[in-house]
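Chains W and D supply the protein sequences, listed in that same order. Residue numbering for the first sequence is 1 to 475, as defined by our numbering. Residue numbering for the second sequence is 1 to 640, as defined by our numbering.
Just so you know, these hints were derived from the structure itself, not from any lab. Honestly, I wouldn't trust all of these hints.
[As the list claims (entries may be wrong)] Facing chain D, a subset of chain W residues (Cβ under 10 Å, in silico): (1) SER155; (2) PHE163; (3) VAL171; (4) ALA210; (5) PHE214; (6) VAL219; (7) PHE223; (8) ASP227; (9) MET264; (10) VAL266; (11) LEU287; (12) ARG288.
[As the list claims (entries may be wrong)] Covered by chain W, per the in silico footprint, the following chain D stretches (three or more residues, Cβ under 8 Å): (13) 596-605; (14) 622-632.
[Unchecked claim] Heads up, simulated BS3-like pairs for lysine-lysine below, C-alpha to C-alpha not over 27 Å straight-line: (15) W:LYS151 with D:LYS615; (16) W:LYS153 with W:LYS96; (17) W:LYS96 with W:LYS32; (18) W:LYS151 with W:LYS32; (19) D:LYS536 with D:LYS463; (20) W:LYS349 with D:LYS615; (21) W:LYS151 with W:LYS349; (22) W:LYS100 with W:LYS34; (23) D:LYS607 with W:LYS153; (24) W:LYS153 with D:LYS615; (25) W:LYS96 with W:LYS349; (26) D:LYS123 with D:LYS25.
For every residue, glycine included, the Cβ atom is placed at its ideal position computed from N, Cα and C.
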Amino acid sequence: MDLNSFFLMRHELLLLVIILLFVTAEIVIPRKKKGSTVHLAILLFGLHTALGFLTLEESSLFGGMFRTNSLIHFFKNVLNIGVLILLLQSADWLQKKIEKQNRGTEFFTLLFCSLLGMYFMISAGDFLMFYIGLELSTLPVAALAAYEIMKRKSSEAGIKLIFSAGLASGVSLFGISMLYATTGSIYFQDVIQVITTTNLTVLGFVLFFAGLAFKISLVPFHFWTADVYEGAPISVASYLSVISKGAAAFILMILLFTVLKPLMQVWENLIYVLALATMFTGNLFALRQHNMKRFLAFSSIAQAGFILLGLITGTQLGTATVVYFVMIYIFSNLAAFGVVQAISQKTGKENIVDYEGLYRTNPRLSLVMLLALFSLAGIPPVAGFFGKFFLFTAAASEGYYLLVFLAVVNVTISLYYYLLVVRAIFLRRGDNPVPHFSNQLYMRLGLAFTVIGILVLGLYSPLYDYIYELSGVFN
Amino acid sequence: MQTAYLLLIPLIPLLVFLVLGIFNKRIKPAVSGYIGVAGLAAATMLSCFAAFQYFFVADKVNGAYQTFIQKTAWMQFTDTLQVDMGIFIDPISVMMLVVVSTISLMVHIYSRGYMKGDAGYTKFFAFLSLFTFSMYGLVLATNLFQIYIFWELVGVSSFLLIGYYYTKTSAVAAAKKAFIVTRFADFGFLVGILIIGYYTGTFDFEALNNPAGSAIQNWAFTSTFMGLSAITWALILIFMGGAGKSAMFPLHIWLPDAMEGPTPVSALIHAATMVVAGVYLVARLFPMFLFVDDGFVLQVVAYVGAFSSLFAAVIALTQTDIKRVLAFSTMSQIGYMMMALGVSGFDGHEGVGYMASMFHLFTHAMFKALLFLGAGAVIHAVHSNYLQDMGGLRKYMPVTNFTFLVAALAIAGVPPLAGFWSKDEILVAAYENSPLLYGIGVVVAGLTAFYMFRLYFGIFWGKNTRYAHTPHEAPLSMTIPLVLLAFFTSVVGFIPFSRFVTADKMGFEAHLNYPLAAIAVAVGAAGILLAWLFYKTENDLSDRFAHAFGSLYLWTSHKFYFDELYLFITRNIIFRYISAPIAFFDKKFVDGTMEGIGNKTVLLSRKIMSVQSGKVQDYAFGFIGGVVLLAAVFIYLWTF
Numbered sequence: 001m002d003l004n005s006f007f008l009m010r011h012e013l014l015l016l017v018i019i020l021l022f023v024t025a026e027i028v029i030p031r032k033k034k035g036s037t038v039h040l041a042i043l044l045f046g047l048h049t050a051l052g053f054l055t056l057e058e059s060s061l062f063g064g065m066f067r068t069n070s071l072i073h074f075f076k077n078v079l080n081i082g083v084l085i086l087l088l089q090s091a092d093w094l095q096k097k098i099e100k101q102n103r104g105t106e107f108f109t110l111l112f113c114s115l116l117g118m119y120f121m122i123s124a125g126d127f128l129m130f131y132i133g134l135e136l137s138t139l140p141v142a143a144l145a146a147y148e149i150m151k152r153k154s155s156e157a158g159i160k161l162i163f164s165a166g167l168a169s170g171v172s173l174f175g176i177s178m179l180y181a182t183t184g185s186i187y188f189q190d191v192i193q194v195i196t197t198t199n200l201t202v203l204g205f206v207l208f209f210a211g212l213a214f215k216i217s218l219v220p221f222h223f224w225t226a227d228v229y230e231g232a233p234i235s236v237a238s239y240l241s242v243i244s245k246g247a248a249a250f251i252l253m254i255l256l257f258t259v260l261k262p263l264m265q266v267w268e269n270l271i272y273v274l275a276l277a278t279m280f281t282g283n284l285f286a287l288r289q290h291n292m293k294r295f296l297a298f299s300s301i302a303q304a305g306f307i308l309l310g311l312i313t314g315t316q317l318g319t320a321t322v323v324y325f326v327m328i329y330i331f332s333n334l335a336a337f338g339v340v341q342a343i344s345q346k347t348g349k350e351n352i353v354d355y356e357g358l359y360r361t362n363p364r365l366s367l368v369m370l371l372a373l374f375s376l377a378g379i380p381p382v383a384g385f386f387g388k389f390f391l392f393t394a395a396a397s398e399g400y401y402l403l404v405f406l407a408v409v410n411v412t413i414s415l416y417y418y419l420l421v422v423r424a425i426f427l428r429r430g431d432n433p434v435p436h437f438s439n440q441l442y443m444r445l446g447l448a449f450t451v452i453g454i455l456v457l458g459l460y461s462p463l464y465d466y467i468y469e470l471s472g473v474f475n
Numbered sequence: 001m002q003t004a005y006l007l008l009i010p011l012i013p014l015l016v017f018l019v020l021g022i023f024n025k026r027i028k029p030a031v032s033g034y035i036g037v038a039g040l041a042a043a044t045m046l047s048c049f050a051a052f053q054y055f056f057v058a059d060k061v062n063g064a065y066q067t068f069i070q071k072t073a074w075m076q077f078t079d080t081l082q083v084d085m086g087i088f089i090d091p092i093s094v095m096m097l098v099v100v101s102t103i104s105l106m107v108h109i110y111s112r113g114y115m116k117g118d119a120g121y122t123k124f125f126a127f128l129s130l131f132t133f134s135m136y137g138l139v140l141a142t143n144l145f146q147i148y149i150f151w152e153l154v155g156v157s158s159f160l161l162i163g164y165y166y167t168k169t170s171a172v173a174a175a176k177k178a179f180i181v182t183r184f185a186d187f188g189f190l191v192g193i194l195i196i197g198y199y200t201g202t203f204d205f206e207a208l209n210n211p212a213g214s215a216i217q218n219w220a221f222t223s224t225f226m227g228l229s230a231i232t233w234a235l236i237l238i239f240m241g242g243a244g245k246s247a248m249f250p251l252h253i254w255l256p257d258a259m260e261g262p263t264p265v266s267a268l269i270h271a272a273t274m275v276v277a278g279v280y281l282v283a284r285l286f287p288m289f290l291f292v293d294d295g296f297v298l299q300v301v302a303y304v305g306a307f308s309s310l311f312a313a314v315i316a317l318t319q320t321d322i323k324r325v326l327a328f329s330t331m332s333q334i335g336y337m338m339m340a341l342g343v344s345g346f347d348g349h350e351g352v353g354y355m356a357s358m359f360h361l362f363t364h365a366m367f368k369a370l371l372f373l374g375a376g377a378v379i380h381a382v383h384s385n386y387l388q389d390m391g392g393l394r395k396y397m398p399v400t401n402f403t404f405l406v407a408a409l410a411i412a413g414v415p416p417l418a419g420f421w422s423k424d425e426i427l428v429a430a431y432e433n434s435p436l437l438y439g440i441g442v443v444v445a446g447l448t449a450f451y452m453f454r455l456y457f458g459i460f461w462g463k464n465t466r467y468a469h470t471p472h473e474a475p476l477s478m479t480i481p482l483v484l485l486a487f488f489t490s491v492v493g494f495i496p497f498s499r500f501v502t503a504d505k506m507g508f509e510a511h512l513n514y515p516l517a518a519i520a521v522a523v524g525a526a527g528i529l530l531a532w533l534f535y536k537t538e539n540d541l542s543d544r545f546a547h548a549f550g551s552l553y554l555w556t557s558h559k560f561y562f563d564e565l566y567l568f569i570t571r572n573i574i575f576r577y578i579s580a581p582i583a584f585f586d587k588k589f590v591d592g593t594m595e596g597i598g599n600k601t602v603l604l605s606r607k608i609m610s611v612q613s614g615k616v617q618d619y620a621f622g623f624i625g626g627v628v629l630l631a632a633v634f635i636y637l638w639t640f
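For reference, chain W alone in the conformation it holds in the complex:
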């Protein structure tokens, strides 16, 4: 292996350097000046994101354990942008935390470690690499969820996440071992040759699937979601719902469309059932939430159900629509969480009732929220509409009319609760509205990026064509 092919892991290596830098920074930078590491993090990660756009060859390393191609590369860039926005949105909050509570730089180290895990996960060429990536991406987040050490709920979130994640990865690993038992290999390229539908593979597959389903919070593996989102700091909840879920959905898609393609008869039914269960459960629970974070948690569960609609197809169109939808979902949810973050860090308010009359005091923030919610709800002409529309088209073109119909029913239900929030913001006056405040530069940038993302994704169609072209790699 020469140096050149080593650079196929450019994303991973760069991020690793950044992580090490932060470990060093933790030691070198004196306590009082740690607050400035926020700027450093944004600068370094911004650079990393920019460098990510350099072209990359399509190849694999380590005898197929690590592989990359244009779509994977593209998706890593999407994740980078998402994390960058997240960093921007949480910069002020973090700086305050670090300065006031004498915290170190662990937030960045953990966050980047988790992202590194995701890189490995989506680049995995065998089950071992995949499993390590999965673990690396989950465990740091459990620590992050408990970041607010002074708050009970935050610790509770951390504990719940680590327990649930442990259980999920245990089950998943068990499933992998069964797949190994039936196929005799953990390399994807070998597995695909020999895998067939036997009882043991089906069992192994379902167990393995549960591990990823946990990350995407599909019903019935979703229970942790709302509690963890509510207790964890908003940035972490946002990370879980956006980056973590996006990456997991992406790798699930890759696995289903490549290695597990021979099991398609099994998984298309599995996904059919889970899509319905997830959409209905997510939506029905979201209907009656009062806390914005819980609300967004259930909304994100329902959105995961919609993603499954694209997964069920197993076609290039399905791939393209899933990637496109996930991208839109990332931007929309980041926008929503960003607004929640902005309001929460200024006023500490997190309930929907507190948002009443927001438009009168903070019109711009309200408009961002409006855009985000419309996009999540799928109201034309916002990006989310096209995302859903394409997903439904993909599913319908494979003949899943009933599923699409039920999904549309779910869109209708979701419309109701998204509009509840819109109503609170725009139509209600509220006894005690959030006072007017202005955001710091980073937060503004973070929100502006999401708005641009939503608008560009919705209105600039060549982007979709580009994604569609990239999606050809799996078919």
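Fit chain D to the given chain W structure using the hints.
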């Protein structure tokens, strides 16, 4: 001929609208006025330049003006049927560009004075620009679908402007009435468009209007309904849309009420531009109207126009709200234009009606806008719309008085003002076609002269009203447009229109028909004389006359009770026997079902909440349970 720059003409007002609309409150009123005027001035210059280029520079082919089309496909319906967006340059569209630009520019300038101090000043200019943009789009449309889109946009901006004083209930009601009545007509229009699209496979004006094309040649081979071919029906329905916008009988009821809008709006929309859209539409599709079914629909156009013309002129005799008099006068004059179109042929001098109609559209825009703006100046000065509150104003408002007089003379057909020339051509066309229509035309000419001078004398002469505040001449920003329009009114009649705008685009030499002209002038003079006798000084002649006519007078002043008739039909028949049962069904059954589903969903949502207990062990149980269940189900499924 270069056509690319013509795109700027609609785009500039659109840009102005967006700027004024988005930065509404942040722009100072004075600035927004200037922005509006500057935008329109630019568009006007471009329009005039385009007209010059088109009529004098661009090459003719075989002596005919060419049609320039620039378009891009916008929507593909089927392999053959598509909708384009683009601009269509031919004599009438160029002429309309000039009309719309000129009047709109005048109205913009005028509004800076008229609307001064109004709270929604910037909004007003934004709406004006939106309207102008829509009107340009309508004029330049390359196909039926595009014209329909802008047609509706024009309707919307008209709605916004009529209801501009939205705190006044009467204005809101008027806006709704105008919108609903024209929408009703537009429904016919849309159906007509769809029929055309279905049977001819194109929406394109060029293809439709080609006399040798399949649309015109094959009209008789389409399916028939009640003895008429589908294409004939389509044209009737399209004309219905045009009649709605142009306030032709019996869809005229919205126009008088639309006078609730600010007066500059009435001048722009309800006198000079939007209301002639119907005439423009018929002219746009003229070859179709003429050749399909041997001109059957064109006959309908002619008679509807003639009847509306007479009907409106009679009502105008007795109205006391000066803007309503002008509104009915507008309806009457548009009827004239329709009639002229209806009696027209195609080639050379046979197409005199077409030419006359367009000519009259052109001149009428000038003097009717002038009349409205003059009326606006008067209303501005005396704060009333009613004749009884006016009188003797010539002493206070000399400029308004003079310009109003010019316009009144023009509409009465006194040479050498603009109205004389165009009206004469219309009467020539009618005379050559049908004695009945000609007769109506002459009567209307007399009536027009009478009611117009009744208005003029009533405002500026007549009794010496004592005013609570001494009326003042309008500010410069308002009188300048008046003077300019008076100037146009005096000179545009000398434009040799027949050389430029004709049905076959070839141009011909029109000559004054002296006997007919003499009759028309005599009739007009008689009308003026009668008005002079009745209203020049205060006397009871007119009252005695009104008494003599008795109930006929009452009928006329109530506009023949048409509003009441419509109200009766809608309230007592449609609302009670059709709408009410439907509403009942909707409320009880449709809404009931929907609400039931909604309530059940919320209930279900409440019930399942307990699953989310907050205990990790429960979650783990759910997780493992889920895995086991799924595994069991799928293994079971796959072993069988």
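Going through the hints against the structure:
About 13 Å separates the beta-carbon of SER155 of chain W from the nearest beta-carbon of chain D, more than 10 Å, and the hint is not met. Below 10 Å, beta-carbon pairs count as interface contacts, and PHE163 of chain W has one with chain D at about 5 Å; its hint therefore holds. Given the 10 Å rule on beta carbons, the hint for VAL171 of chain W holds: about 6 Å separates it from the nearest Cβ of chain D. A distance limit of 10 Å between C-beta atoms decides the matter here; for ALA210 of chain W the minimum to chain D is near 5 Å, and the interface restraint holds.
Hint status for PHE214 of chain W: holds, given a least beta-carbon distance of 7 Å to chain D, under 10 Å. At about 8 Å, the closest approach between the beta carbon of VAL219 of chain W and any beta carbon in chain D falls short of 10 Å, and the interface hint on this residue holds. A distance limit of 10 Å between C-beta atoms decides the matter here; for PHE223 of chain W the minimum to chain D is near 4 Å, and the interface restraint holds. The criterion of a C-beta within 10 Å of any C-beta in chain D is met by ASP227 of chain W, whose closest approach is roughly 6 Å, and the hint holds.
For MET264 of chain W, the interface hint is violated, the least distance from its beta-carbon to any beta-carbon of chain D being 12 Å, above 10 Å. Interface hint status for VAL266 of chain W: upheld, as the beta-carbon distance to the closest one in chain D is roughly 6 Å, under 10 Å. The beta carbon of LEU287 of chain W is positioned within 10 Å of a beta carbon in chain D (closest approach about 4 Å), and the interface hint is therefore held. Taking 10 Å as the C-beta contact cut-off toward chain D, the hint placing ARG288 of chain W at the interface holds, the least distance being around 5 Å.
Only when three residues or more bring their CB closer than 8 Å to a CB of chain W does the claim for the segment 596-605 of chain D stand; here the count is 5, and the claim holds. With 8 residues having a Cβ less than 8 Å from any Cβ of chain W, the segment 622-632 of chain D passes the three-residue criterion, so the hint holds. For the suggested pair LYS151 of chain W and LYS615 of chain D, the alpha carbons sit about 18 Å apart, so the restraint of at most 27 Å is met. Of the supplied pair hints, the one linking LYS153 of chain W and LYS96 of chain W holds, its CA atoms being roughly 20 Å apart against a limit of 27 Å.
In summary, the hint linking LYS96 of chain W to LYS32 of chain W is supported, as the alpha carbons are separated by about 12 Å, within the 27 Å threshold. Between the alpha carbons of LYS151 of chain W and LYS32 of chain W the distance comes to roughly 23 Å, so the proposed pair stays at or under 27 Å and holds. Distance check on the hinted pair: LYS536 of chain D and LYS463 of chain D sit about 8 Å apart at the alpha-carbon level, within 27 Å; holds. Restraint check: the Cα-Cα separation between LYS349 of chain W and LYS615 of chain D comes to about 25 Å, which is no more than 27 Å; the hinted pair holds.
Straight-line distance between C-alpha atoms of LYS151 of chain W and LYS349 of chain W comes to about 16 Å, which keeps the hinted pair within the 27 Å bound. Taking the CA atoms of LYS100 of chain W and LYS34 of chain W, the gap is about 11 Å. The hint holds against a cut of 27 Å. Note on LYS607 of chain D and LYS153 of chain W: the hinted pairing holds, with a Cα-Cα distance of about 25 Å set against a maximum of 27 Å. Simply put, LYS153 of chain W and LYS615 of chain D have alpha-carbon atoms about 13 Å apart, close enough for the 27 Å limit, and the pair holds.
Between LYS96 of chain W and LYS349 of chain W the alpha-carbon distance is near 17 Å, which keeps this suggested pair within the 27 Å criterion. Restraint check for LYS123 of chain D and LYS25 of chain D: satisfied, since their Cα atoms lie roughly 9 Å apart, inside the 27 Å limit.
Taken one by one, the earlier hints fail for this structure at numbers 1, 9, listed in ascending order.
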